Each structure stands twice: as structure tokens, then as C-alpha cells.
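Sequence order for the protein chains is A and B.
Residues in the first sequence are numbered from 1 upward in steps of one, following our numbering.
Residues in the second sequence are numbered from 1 upward in steps of one, following our numbering.
Calculated from the structure, these hints are not laboratory results.
For clarity, every value in this text was computed on a predicted model and none was experimentally measured.
Mixed in with the good hints there might be a few duds.
[Said to hold, decoys possible] In silico BS3-like pairs for lysine-lysine, Cα to Cα no more than 25 Å straight-line:
id, chain 1, residue 1, chain 2, residue 2
1, B, LYS556, A, LYS208
2, B, LYS555, A, LYS22
3, B, LYS725, A, LYS112
4, A, LYS105, B, LYS412
5, B, LYS552, A, LYS64
6, B, LYS593, A, LYS208
7, B, LYS48, B, LYS6
8, A, LYS22, B, LYS185
9, A, LYS112, B, LYS379
10, B, LYS618, A, LYS208
11, B, LYS377, B, LYS593
12, A, LYS128, A, LYS23
13, B, LYS563, A, LYS168
14, A, LYS154, A, LYS23
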Amino acid sequence: MNSSVIIFPGSNCDRDIAVALKKFGFKNSMIWHNDDDLPKSDIVVLPGGFSYGDHLRSGSIASKSKIIKSVIKFAKSGGLLIGICNGFQILTETELLPGVLLRNKLSEFICKNVFVKINNTENKYFKKIKKNILELHIAHNEGNYFCSNEQMKKIEDNNQIALSYCDKNGEIDENYNPNGSIKNIAGILNKEKNILGLMPHPERMIEKDLSGDDGSIFFENLIKNLK
Amino acid sequence: MIVNEKIATDHGLKKTEFKEICNMLKRIPNITELGLFSAMWNEHCSYKSSKFYLKKLPTTGKKVIQGPGENAGIIDVDDDDAIVFKIESHNHPSFIEPFQGAATGVGGIMRDVFTMGARPIASLNSIHFGSVQNKKTKNLLRGVVRGIGSYGNCMGIPTIAGQTSFDESYNGNILVNAMTLGLVKKNKIFYSKASGINKPVIYVGSKTGRDGIHGASMASAVFDDQIEEKKPTVQVGDPFTEKLLLEACLELMADDSIISIQDMGAAGLTSSSIEMASKGKLGIELNLNKVPCRESNMTPYEIMLSESQERMLIILENGKENKAKKIFDKWNLDFAIIGKTTSTKKIEIYFDESRVVDVPIKYLADDAPEYERKWEKTKLPIKNKINKDLYKNLKIPDVLKKILSSPNICSKEWIWRQYDHTVMGDTIQKPGGDAGVVRVHGTNKAIAASVDSSAGYCFAHPLTGGKQIVCESWRNMISVGAKPIAITNCLNFGNPEKEKNMGEFVECLQGISDACKFLNYPIVSGNVSFYNETKNKGIKPTPSIGGVGLIKDYKKMINMKLKKNGNLILLIGKTEGHIDQSVFAKEILNQKKGPPPEINLFNEKNNGETLLKLINEKFIKSAHDVSAGGILVAIVKMCISGNKGININNPKNLINYYEYFFGEDQGRYLLEIEKKDLEKVKTILEKNSVYFNEFGIVQDDILEMKGKLKITIDELTRSNKNWLKEYMSN
């Protein structure tokens, strides 16, 4: 399986995601934002970080970068595309995913473990995943997901909510919402379910010695579904 | 403008120093030259009050690759790997403008590390604020934490540990000390020493603006009522540019284009160009019309003294200019050839085709003044005879909760939650433990780092306080299973022109030096921050010690989380019940007199080394050193961390419960072992003459001691974790 990770100036989780992809069996390429073309990929990842210094708005300048045209083309033709953290922000800025990511409710950067519940397993990312509650890690300033009522209706009608913040038993409640996201949303899919945007970092959770290893479950499942 | 004595003293130079400059030059310097002298001869850059004493510190050792004098110190961590690290202060700017002051402090120390070819892998900080009642404290704390977070998070470098304290002596002068560690291959280290004549001098990074002019001079003066007017002297940071600069520099460093490289920190282009030439015993010629400027009509004086951030000066091999330019173009950074090295041993600066500076480098660097200032010895205070009646009505659970929720002991989670501590995917011990630990990427090794200071002890008796911090740093390394390798120090003191403050400096340094020598824990880098004084009121002496240790097999790392019911807790080291200068004495009894606890260096070394043996043999399940607050606070932190309780044995030959529980005797640790290993562990401890007691047994949920104490861990956790969060949200 081939993966491509896009590096924008200011990306800083590019190495981390590359390490994770390789660990679980992907042959990964690092792609520079100023390139025109993507290599042949089974999955493309927009990594976390502060692309273009978060200038203007998080993800906004990256959404107009040179490589992004090829990324959009790839995704529109059904290719798997994940945006993690800043990558998620880029996906909403390109309008490949609906909604926006606002400043966290308390206006503070948050770095901690959270639990998320998987709401939709009818897609390549979560199909047959062995746990439906994962402990993942968040580290962001702008993860407060928001959309219009109209957009929310479509999101729900199409079953596009991928992950919701919850407690360890899967209860979804405002108490377990770290950043103020509408309906505790931690990640969403596009209508066709080939594009996934999520705030948590599964790549930081791939070994017991780190913050935990539920990220491994995600990656193992993903590559199995792709084979 | 014709320079005169008044202008010179306005630049922070003493009258005698100005006279000396005129004598050396055999003329009066012009204004740009005066600016150069004031920048190079101020306390911050010249170390004129401290140099004499710094020379006496132990700075060498088998593992030391580079000691003080370079951008940062370097230690050998086996194989081809080395760790580059340093701590630096950004106190004055952070008090004036907390967000930018703290942010640029982080940016500056990161540049010091990657200038040497190392990729930063972890950051730490030691931050000190005024009393929590002081109305400025909250805003300063919020601003500093945001500043540190914004810079470190954007750079993608995990902030893995730190220390925060509150004391009224910082009301008018907060301290912000930032430390960064980087990883480099031993054969790819870059230094600042220039070599070769006619080599191009390259300017890279951000453009030069008017920000930060005279920042280093500000850092060398005391504050008065008009500090707000000094806002323009605070630099503005841009972590995004720094991230690009980091990547671009590391890319260029992959081959051998660079002869030497130096970041433009304090005193900007002035100190970087002069230091590079001075170390290489060369001259340097600069054309300031070539310097990329952000603002128009900048004068040579402004260009030379600007402290705009995210800039580097590089001396390149001839013929490598185009290759280097390509890399900086790729990362969208300015690149300009602004001069060359010469054989004149002078700094010659041209602007609009005329020579505006012509001064021998030696005058600015080597000939900077050095003072052996007068200092006053601090006598060891006599023991405070605390009236035992003061204890009588105190209930231990109440005292414990009060201490756990006191500003200096409470959990600092509100702070470190705002720092990305997991980026780079190698953090195996997060903030809140004895030390932060990151793996050396792709290996079985890990690096532990912590930062410590004990201003209360140092104030009471600087000599003992100095020793104590080094020992505490050493204990923090041991407690996570790391072999302590070396330290960096940030020496925050008051006004060196006052004998009392100078004495605190001299004696703290003596204590640090004694402990470092004995423990074979050399000092490889550091920085001195004097003049932490506002309106004639100085801070308590606050040396911060950044310790670094190596764990050869990261699977053997220890943390403080209690692991399993039925496991035994051993208390290592003797408990005498030293109450003077303890948190108990200050917070509960309001007693501030008396000496700090004594340090026994032999016991420290012996206890620590024996513990490392036990850890290596995998006997230790968790460990924590006993520091501020005493044993009860230490065990509760282990309980909270592991979400377990403990049943404490009734101590034999007890004088007094309060002294037993809250005394701050040094050289102690709490260890968790399995019952089955007790005899083997005992044998090793006895063989090494380590004093120990069986302290208690791990159990569920409750901290108890028969007939004396029973309290749930939940309740203690709330006391410990909520205070700061609530304080900051009010």
C-alpha cells in the first residue's frame, strides 16, 4: 500500500504520521507543497501542524497551495484522504468537508488524551474495527467544530459524523467535550465517506510507552481494509 | 551626533568604561560604535560581574563534548549521538510584555540549539511569579504560558517538563527561563568560530526591523516606574519563520557548506558578527546596505542593534553561495551576502559607501571589563525555635490538603495542558513527573530532563541552597531511572552592585560548584541574569538548574505512578524532621526563619547510585524523590498519579508527626517494590550502607495511618488539581 504525506511550510506532525504509516505497512512518500503532482497513492494524508503559520486562518493558505489541486482531484475521484488536526482544518477550508473549526471554547491550547466513539463503520476507515471507543490524543487551539443547521442536517442525514468525544464508556455528553465542538464532533466524513477529517492524533498513540496505543487499532484496521 | 559622556551613560556604560573606550580608540567613538560597545560591554553579553566566578565551575568530564562558551553545551549520549542543550532567561522582556517576552525566550533558546546542527527534541521552562494576591500575577502567568505554548507548539517541539513558583519577591520582576535540548550526530556539530579569510558572511532568516533595539542593555539594568515605556525594546516572535529557519538550516547543514554559524540573539548582528570573528581571531567586514530590512531608512546604529528574531549569520565556504541560496529560497527566507571575513582583526562596517565603524574586535570582546565585585557572606541562620503549641490544634488531613492546594505545591496541569508535550511521538514521560523523558528517535535510548530551583533555601543560606538544587536535579534524574550526565544553569539574581546580592550569587555558585564536582555532574552551558530588581527590591536568589540524564534502555524507565496493591513502599534516606524553610513552616505556621535542610553530598551520591542499581535490576516499580512538602506530599503525589492508596506504617521512635510528615530532610526517595523482592532489595541497600525504612503498603483508594489519618485519594486529588484551574478562571 502506498501513502503520501503532504508537507506544507509549518507542518510539524509530518514525521510522526510517516513513522506510523510505515510501522503499519505503508510505503510512504513525503510530498512538498509546491509540487504539482501526487505519486500513485492508496491514501493521502494532510498532517498536523501550523501550515503557513496559521496566517489568515488555520488551513486557509494551505487550501490554496499548489499541491492541493492534485489532492482535490485525487479525493474527488474516490481516493482516500485523511486530514488530521491542521489537516482537518485544511479540509474544511478547501470545502472538501463541511463546517469550520473555531477557537477552542476556553481559548486555550489543549493537549491531552480523550475518548472518541466511532459513529459510522460503513467506510474504509472504520469498517470491522475491533473497538468502537478509542482513546486518542488531542493537541490543538482550534478544534471547536461548527456548522450551520442546514449543514448539520445534511451531515446527519448522510451519517457523516465519524467520531464524537465521549467518556471511556462511550457516553457522549458536554462534560467530555474538550473544545466546545457542536454535538461533540471530533471527526467527520464527506458524503461519499472517502475523506476523513479528525482533530485527534492517532499517530501519537501507536505504542504503550507513548500516551497509549489505540492509534494502532486505527492504522491496523485501515491497512486491512485497503488490502 | 557627537558622542559625549552623557550619551555614553544613557547607553548604560559607566563613566570609567566610556573613558576606557576613548583611551583604547585614541578618539571618541561615533554613535554606531558607541552602540556596539554598549551592547558588547553590558552585563548580559560581557558577563563582567560573573565571569571571574563562572571560570571556577566544573565544566569538564568524560561525557562533555562542549562546555560553556558556545551557543549551547554538548554531551555524549553513546553511539554517534550527542545532546545539545542550554537554559536561558528572558525575564525583563516577559515582565513588560509577557506573551512576546516568553515566546521569544523560547525561540531564542531553540535557535541556540539548532545553530549547532541539532534538531530540537524537547523544551522545558522554569517560571516564577509574584504572590498570588498580587494583581498582576494572573495576567503575567496567563501571558507567559500562552507565549511559551504558542512558540513551542507551533515549532512542533514537545514541552516535557517545567517548574512554576510564586513568591512576593517576584512581584516586580518575574522570571522566565527556557531550556531546549537537541539531538545531533557527533560528527555533524557546528560551531560559531569563524575560520578562513575572504569567506562570505551570509544573513538568513527574517528581515531586520526596529524591534528589540537595546534589549540586551535593558536586561542589564534595574526596573523603575517607567518600565511600560520600555515596551518597544521587547522583540516580537514569529515561530512560523523559526520553523522554516530550522528546516532550512538543517538542510544546509547536511553537507559541508557551512564554516561557522551563529544565531542573532541578544545584541543581534553586533554580538553575532563580533563573536564569530573574535573566536576565529579574524576581522569582519559588513555592508549594511545589503541587510534585508523590514522598515525603510534604518540607520547603521539601528541595524546593528536590532534584536529582530529568527535571524542567523553564517560564514560559508566560497562557491557554496548559490546552493545555499536555493535552500533558503525554497523555504521562503531572506538570504543576503552582507560581508566577508578579513585578516584585519577589526570590525569594519560600511553604509552608503562610507565606513561607519572601524574598531579592533579585541576592544569589543576580550577587553570588555571584568569586575571582581565586593560581596557579603550570608551566615547560616540559627535554628528557629518554633513553639510546638503552634502545632497542637492542627489536624494532619487539613494541613495536608492545605499544602497540596498551596500555590507552590499544587498541580500545574493548567499550565502544561497548554503545551504540546507529545508531538514528535517520542515523549514517554509527560510533565507532572520527576523529569520529562523523550526517546532518542529510532533507538532504545531515552533522555531525561528536569528543571529545578529552590529560591527559599537559597535566600536563607545561598551556599546550602546552591548545593540543594543540584542534588534535587540529580534525584529527579535517578527517580526516572536516568544516569545524570550534566547540567545547564540559569543564574537569576538581583543587583550585583549590591554586596548582599553579589554575595548570594557567589555563594550559590559555590554550592552549585561543590555539588556538581562531588556528583560528577558538570555544567556545560548557562546564562546569568542580574539586575532582577524593581524599585530597589531584588528577587530572592533563584538559580535554575536544568539537568539531563541518559536512560540506556527506555523500557527500564521509572515513573511515580503506584502500580499494584500489596506492593511495599520503602523510604530511602534519614528523616530527622527539618521544619525550617519547609512548606509546612511557611504556609501553615507562617514561620520564615531558620536554615534550609542540610545537604550531605556523600549520602546523595550513594543513595542515588544504589537506586540506579536497583532500577537496573528491575526491582523498582515506581519511585519519587522527596522534596518540597516532605514525605506525605511525596507519597500523595505517587497515589494521585497511580490512582492508588497507601497504608502507612506507624514510624518507630517518632518525635513528632508533623516533623516526620512535613520535614524536608534531603537525600530521600520513596520506592515501590514487590513484596517478594524485599529481601534482595534489603541486601543491596544494606551492602551499600543506604539508610531505609519500610514506609507502607499500596492499597486501593485510601491514604491512611492507623489512628492518625484516613482520607480518600479522590479528595486529595481534588485539593491538588483544582486550585490553579480555579485561580486562573476567576
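Consistency of the hints with the structure:
| no. | hint | in the structure |
| --- | --- | --- |
| 1 | B:LYS556 to A:LYS208 | holds (14 Å) |
| 2 | B:LYS555 to A:LYS22 | holds (22 Å) |
| 3 | B:LYS725 to A:LYS112 | holds (15 Å) |
| 4 | A:LYS105 to B:LYS412 | holds (21 Å) |
| 5 | B:LYS552 to A:LYS64 | violated (46 Å) |
| 6 | B:LYS593 to A:LYS208 | violated (48 Å) |
| 7 | B:LYS48 to B:LYS6 | holds (22 Å) |
| 8 | A:LYS22 to B:LYS185 | holds (24 Å) |
| 9 | A:LYS112 to B:LYS379 | violated (47 Å) |
| 10 | B:LYS618 to A:LYS208 | holds (18 Å) |
| 11 | B:LYS377 to B:LYS593 | holds (17 Å) |
| 12 | A:LYS128 to A:LYS23 | holds (20 Å) |
| 13 | B:LYS563 to A:LYS168 | holds (21 Å) |
| 14 | A:LYS154 to A:LYS23 | violated (36 Å) |
Hints 5, 6, 9 and 14 from the list above are not met by this structure, while the remaining hints are.
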